[in-house]
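Participant: Generate the whole structure from the sequences, applying the supplied hints.
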Amino acid sequence: MPSQNHYDSIQLTPEGQLKHFLTIEGLHAGLLTEILDTADSFVDMSEQQVKKIPLLRGKTVANLFFEASTRTLSTFELAAKRLSADVLNLNISTSSTSKGETLKDTLMTLRAMHCDMFVVRHSASGAAHFIAEHVTPDVAVINAGDGRHAHPTQAMLDMLTIRQHKGDFAQLKVAIVGDILHSRVARSQIHALRTLGTAEIRVIAPLTLLPRHIEAMGVKVYTEMSRGLRDVDVIIMLRLQKERMQTALLPSESEFYKLYGLTEAKLAYARPDAIIMHPGPINRGVEIESGVADGPRSVILNQVTNGIAVRMAVMSMAMSGQLKLNQQSTEV
Amino acid sequence: MPSQNHYDSIQLTPEGQLKHFLTIEGLHAGLLTEILDTADSFVDMSEQQVKKIPLLRGKTVANLFFEASTRTLSTFELAAKRLSADVLNLNISTSSTSKGETLKDTLMTLRAMHCDMFVVRHSASGAAHFIAEHVTPDVAVINAGDGRHAHPTQAMLDMLTIRQHKGDFAQLKVAIVGDILHSRVARSQIHALRTLGTAEIRVIAPLTLLPRHIEAMGVKVYTEMSRGLRDVDVIIMLRLQKERMQTALLPSESEFYKLYGLTEAKLAYARPDAIIMHPGPINRGVEIESGVADGPRSVILNQVTNGIAVRMAVMSMAMSGQLKLNQQSTEV
Amino acid sequence: MPSQNHYDSIQLTPEGQLKHFLTIEGLHAGLLTEILDTADSFVDMSEQQVKKIPLLRGKTVANLFFEASTRTLSTFELAAKRLSADVLNLNISTSSTSKGETLKDTLMTLRAMHCDMFVVRHSASGAAHFIAEHVTPDVAVINAGDGRHAHPTQAMLDMLTIRQHKGDFAQLKVAIVGDILHSRVARSQIHALRTLGTAEIRVIAPLTLLPRHIEAMGVKVYTEMSRGLRDVDVIIMLRLQKERMQTALLPSESEFYKLYGLTEAKLAYARPDAIIMHPGPINRGVEIESGVADGPRSVILNQVTNGIAVRMAVMSMAMSGQLKLNQQSTEV
Chain Z
0 MPSQNHYDSI QLTPEGQLKH FLTIEGLHAG LLTEILDTAD SFVDMSEQQV KKIPLLRGKT
60 VANLFFEAST RTLSTFELAA KRLSADVLNL NISTSSTSKG ETLKDTLMTL RAMHCDMFVV
120 RHSASGAAHF IAEHVTPDVA VINAGDGRHA HPTQAMLDML TIRQHKGDFA QLKVAIVGDI
180 LHSRVARSQI HALRTLGTAE IRVIAPLTLL PRHIEAMGVK VYTEMSRGLR DVDVIIMLRL
240 QKERMQTALL PSESEFYKLY GLTEAKLAYA RPDAIIMHPG PINRGVEIES GVADGPRSVI
300 LNQVTNGIAV RMAVMSMAMS GQLKLNQQST EV
Chain D
0 MPSQNHYDSI QLTPEGQLKH FLTIEGLHAG LLTEILDTAD SFVDMSEQQV KKIPLLRGKT
60 VANLFFEAST RTLSTFELAA KRLSADVLNL NISTSSTSKG ETLKDTLMTL RAMHCDMFVV
120 RHSASGAAHF IAEHVTPDVA VINAGDGRHA HPTQAMLDML TIRQHKGDFA QLKVAIVGDI
180 LHSRVARSQI HALRTLGTAE IRVIAPLTLL PRHIEAMGVK VYTEMSRGLR DVDVIIMLRL
240 QKERMQTALL PSESEFYKLY GLTEAKLAYA RPDAIIMHPG PINRGVEIES GVADGPRSVI
300 LNQVTNGIAV RMAVMSMAMS GQLKLNQQST EV
Chain W
0 MPSQNHYDSI QLTPEGQLKH FLTIEGLHAG LLTEILDTAD SFVDMSEQQV KKIPLLRGKT
60 VANLFFEAST RTLSTFELAA KRLSADVLNL NISTSSTSKG ETLKDTLMTL RAMHCDMFVV
120 RHSASGAAHF IAEHVTPDVA VINAGDGRHA HPTQAMLDML TIRQHKGDFA QLKVAIVGDI
180 LHSRVARSQI HALRTLGTAE IRVIAPLTLL PRHIEAMGVK VYTEMSRGLR DVDVIIMLRL
240 QKERMQTALL PSESEFYKLY GLTEAKLAYA RPDAIIMHPG PINRGVEIES GVADGPRSVI
300 LNQVTNGIAV RMAVMSMAMS GQLKLNQQST EV
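Chains as they are written, first to last, in numbering that gives the first Met the number 0: chain Z, 0 to 331; chain D, 0 to 331; chain W, 0 to 331.
In case anyone wonders, no lab produced these hints; they're calculated from the structure.
Any given hint could be a false lead.
Where chains are identical, the list cannot tell them apart; a pair therefore holds if satisfied intra-copy or between any two copies.
Unchecked claim - Straight-line alpha carbon distances no greater than 27 Å define the calculated DSSO-like cross-link-like pairs of lysine-lysine that follow:
{"#": "1", "residue 1": "Lys172", "residue 2": "Lys50"}
{"#": "2", "residue 1": "Lys165", "residue 2": "Lys219"}
{"#": "3", "residue 1": "Lys80", "residue 2": "Lys50"}
{"#": "4", "residue 1": "Lys80", "residue 2": "Lys172"}
{"#": "5", "residue 1": "Lys219", "residue 2": "Lys103"}
{"#": "6", "residue 1": "Lys103", "residue 2": "Lys257"}
{"#": "7", "residue 1": "Lys172", "residue 2": "Lys265"}
{"#": "8", "residue 1": "Lys50", "residue 2": "Lys103"}
{"#": "9", "residue 1": "Lys257", "residue 2": "Lys323"}
Facilitator: Spelled out as structure tokens, the structure:
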């Protein structure tokens, strides 16, 4: 795995501005806080009558979803349109790759069409990195999920939601519950929570759904909800990635729900003011009891709202970083 | 079936403004006339060089088509874009419902993304009502066709076309011909024609394609074209909803055409200045003779043009009603 | 085949302005040069921060792709959006033609929705002509590829690329290499090169991939690369239209590559400053060696960039021609 400095140099300009958004790993707390502050201003804007600003007017954003996800695509599409960008949605699987064109040729072609930003979702870990480092470094690349590696905009919308409800990360105990093994979301959340100084990060899962050496990421490992949820301020449930589980790693959905599903009963272990999060779409009765998902402590819909704001934030920041770089290179 | 007052309270603000557009039923003549007047102003605008006004600028319209219809989707998409809205087209069948998410969760998620309007087409009668009443009452819901129940924008574009060509409804005899049984269009047309004071409304169909107790809607029933078309001012042909007819309710297409297809010969029964309407797409040689569809009395393409204008009218009126409600609730 | 005057009257206004863009055939050099000059100005604009001008603001462009092509569709979509038009993408195969509607009815319906321009791609030669001449003469029709007949915007972006790199056509030897028989691109390129006064136009292909009587188009025919490439200034490689070759007209891809694939070795026959073109998507190792496609003489990505500019040029010119005609007809 590349070192922190390596990631820095890909994602940041020499002045330390964002130019791609690929992973939380290697970004310092100041930059994460800048993303959250920028996103907060877009949350305010979305309450206005006209939810649109001309920050990306005349720019073209290409959504390259090699792995389908209507919901994530919609949030990026809305974020881009509310920044006044032109949007091109490309369903890559049915596109020119079927005519034998290589991925690199497709990307170089879109760059030649003066696309200014690629939002990339891919089943292979490292796909967005590869594009940003080796194919189109002068096009802003936003990682919308790559394999088991990272889903950094999801993690940042979670951080924004936590900060809005709980304030200072240094006082918080946060538990992440479910299929940690297959979850790029969990990986990005852990990096973000650590960087922002969270007091205690826990993961709760059956042994079969835990990656080896997960403790090295600075988390405490629990296999029982009764112990893992004790006194936590924030509970983050993960989706059961049924489509990603090819082998029988867990006995059954009902068995999983019995042991790890978030019910009112299990919720009693956490602090009385604990908030409940889930990246959606929810499998009711599998990861979470319906009443809990819709209850007063659930902030699941706040996460959705914050998802648009966070995407607007990283899109506008990365574009701004790329523009400064391009201006410098043409001035030289 | 709910009472008129029930529908009123769902569709209208306390001040009587439109806030959803779900059905013609229960709306009074003054409101229908306001829709027609507003639509007329958009017809004028569409003759201008720049067919675009900023009424919905910064608003997001989500087209939720659970039942596919390229033509109807296109008209709502164009209407929204000409009002300067951002548009999100969601093909729901291939979307997160396939990941096990409930319809309610999908809608609450879109609401949390600050979508301001849902245009809903669904094979289940009452789907749009259900959403407007029980799921997202503060998002403007436009019914783009629900089961056999209603297709109110189609009915209003028909009313606009009739008014443009014939003026006062109180002087008119109107005949609706074809598959009344399966037609949500016919149902909405009958409500609109009655509310606007049409002198005489007739339906013409074989007995197998007539709903029971249709007379209770205030129409005269005919099973023969020679009698039903006599002296009418307006002839509205319906599409044969082949995809909706699961049982053998009619002998054959050619048999249907012989008895109920609108030919030059049958047209002679009507008034010499009678206009001919059809919601499209036309099955030439099944419901209507080609020469009649393209002839001087056909106003079928006027209906298409009016379809954009009527959709712009109800979209802008419902959005305006929702905005006033939201302002009042925040002032309290 | 229709005469030159016939094409003129379809594509041009009485004053000689473009009103449709269907084929290069029959257009005079002055008009082609006007297209290239207009496109050059859009190339400059695409270097600006805001790549958007309001030339088509309030206009609606409908992309009617009866034959799928993600890449070509994307270029037209981006061109229209950068001209500030509203864009409607219609996948016709899954649309109302499946409900039995005729092509003519679909087009008349879109015209009634006040679509101002149709971008048409169709597998039948002459489809765009037919529409412009017989169906919707008052809607600007742009041919985005019809059967084996023409692909005029591709040819014009090639001309723009040649002019940018080589200047005066009267001094140039140009070779077109590959599947001439199935290529609408080659046909349009030959017309454009001749009209612009190219000194020598060559085609290089195996006899099985050459149309009969191709010499009548004013080209020299070669079956060997060693002779055909000698001293040329421009090499235009064609795609192997595998999906269009139904019979075994060529032995194998590797055999084709050995004889006609553009390698460094074969490139040595051409002038040392010869440029290399390809319409894309590239089949590396079939038509062209990877190193040649990416080498210093390749202008393949310039072609992509010019593709947007040329489409913006013909779209804005054809719209302007239609508008003048409409104004004249309403003044009368």
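Participant: For which of the previously enumerated hints does the structure constitute a violation, in increasing order of number?
Facilitator: Hints 1, 4, 5, 9 contradicted; others consistent.
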